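Quick note: the sequence shown uses our numbering, first residue 4, plus one each step.
Simulated from the structure, these hints should not be mistaken for laboratory data.
Being a predicted model, the structure only gives us computed values, none of them experimental.
Honestly, I wouldn't trust all of these hints.
To be verified - FRET-style restraints, in silico, Cβ to Cβ: (1) 117 / 68: 17 to 25 Å; (2) 16 / 137: 46 to 54 Å; (3) 144 / 16: 47 to 55 Å; (4) 408 / 369: 28 to 36 Å; (5) 138 / 400: 14 to 22 Å; (6) 343 / 71: 51 to 59 Å.
Using N, Cα and C, we set each Cβ at its ideal position, and we do this for glycine too.
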Amino acid sequence: MAKDFPTRAENYSQWYNDLVIKAELAENSAVRGCMVIKPYGYAIWEKIQAVLDKMFKDTGHSNAYFPLFIPKSFFSREAAHVEGFAKECAVVTHYRLKNSPDGKGLIVDEDAKLEEELIIRPTSETIIWDTYKNWIKSYRDLPLLINQWANVVRWEMRTRLFLRTAEFLWQEGHTAHATREEAVKEAETMLNVYADFAENWMAVPVLKGTKSPAERFAGALETYAIESLMQDGKSLQTGTSHFLGQNFAKAFDVKFLNKENQLDYVWATSWGVSTRLMGALIMAHSDDNGLIIPPRLAPIQVVFVPVFKSEEQKGQITEKVIPLVNAIRKSGITVKYDDRDTHKPGWKFAEYEFKGIPVRITVGPRDIEQGTVEVARRDTLEKETYLMTDLDTKISHLLDKIQKNLFDKAVSFRENSTYRVDSYDEFKKILDDKGGFLYAHWDGTAETEAMIKEETKATIRVIPLDNPKESGICIYSGKPSVQRVVFARSY
């Protein structure tokens, strides 16, 4: 499957696109800018969903669902929000079609124009806060902790599978609180949930921090984000959590009677991750041989491939292997036994290596005689002979080792791709030659930030939460700076 497959060094962008398609994760659809997520890709997304959904519920959140369509007037109620999303909105103007007078297909019925246009949701703050005003009356109704799994549409002109598509899948949390402090704590809590998931399930190390005012979510007072570094030296925003203050509560008149028996506006947050996580998973770990999936998110963690020349040998191997498969499954591990006789073992080896199955176990007639199996790791491509006894325990330990190895490797890559720079010339040279995370002094002005972005295509990815105060000189303007921030080119 890796034939005619470009290496990362030859063409990273083409390597990524080909990998997504050839590994049967997703493909472009008949609708420009939209994708079809294929069963194997969707199985990974389902595992991501399942883990995150449990994490949300463990922190007190409940799921709900809100309409796909949002009245256009809702967007004009919060000024920053409408400005931020106006150019990305898909708009529904009519509610009916009719037969064309010339008999050639259908046309829009001009008499079926909506009284008010509907926006296909790019995000749900407005429709949700219009709903919350009916749900929240007093402090006893707070906090309100709601999450929604949904699709959204943002009219993108330049698209790439999983990373940027006109329609994508995501979750969006929307919470209401009695105090500013509670809302800020919620935003920080969810940022930590995302970081926990990225590092312990995706095996992707992240930087936690806040966005500069220019990079904040439209309508937020503060945006928290996690940023991860891809193998080409570009940063990928992996999750965001927003402190919205009282902006949306005031826009939609969501008040509550507080403990002092006074009316006040509630405090709000929103937070979300999307199928962009799939892009991060692919680009952080995969290699020139194909996909690599961390064991904790792999739809198939272990595959058994029998090697036989006759039906008799196949039967002998199957009789011995099925108890091993069942024992491993009892450990909570997903296992596939591929005894198809329509494909040769070599073809299967190549397929499972390309699709990133963490562990492949080969069993042949000689293995049956010796009570052994051959175990191949996808992360290192190393092979080792295991005894069949206690195979379930051994495989469980091996999967843990693979998960840790992928994380450690990604941490090492990030450390070797992180730089402290003190001059603009050095800044530009490292960006062009290496990429990576660049810690540099910034004078705090939007003007300087915009000029650096225009000249280098690098943006401030985060202002780290644990950022130490450090007096210095802005690399661009030469003005005083109180801290370094993290710049990078990004997806």
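Structure versus earlier hints, numbers of those that do not hold, lowest first: Result: hints 5 and 6 break, sorted rising.
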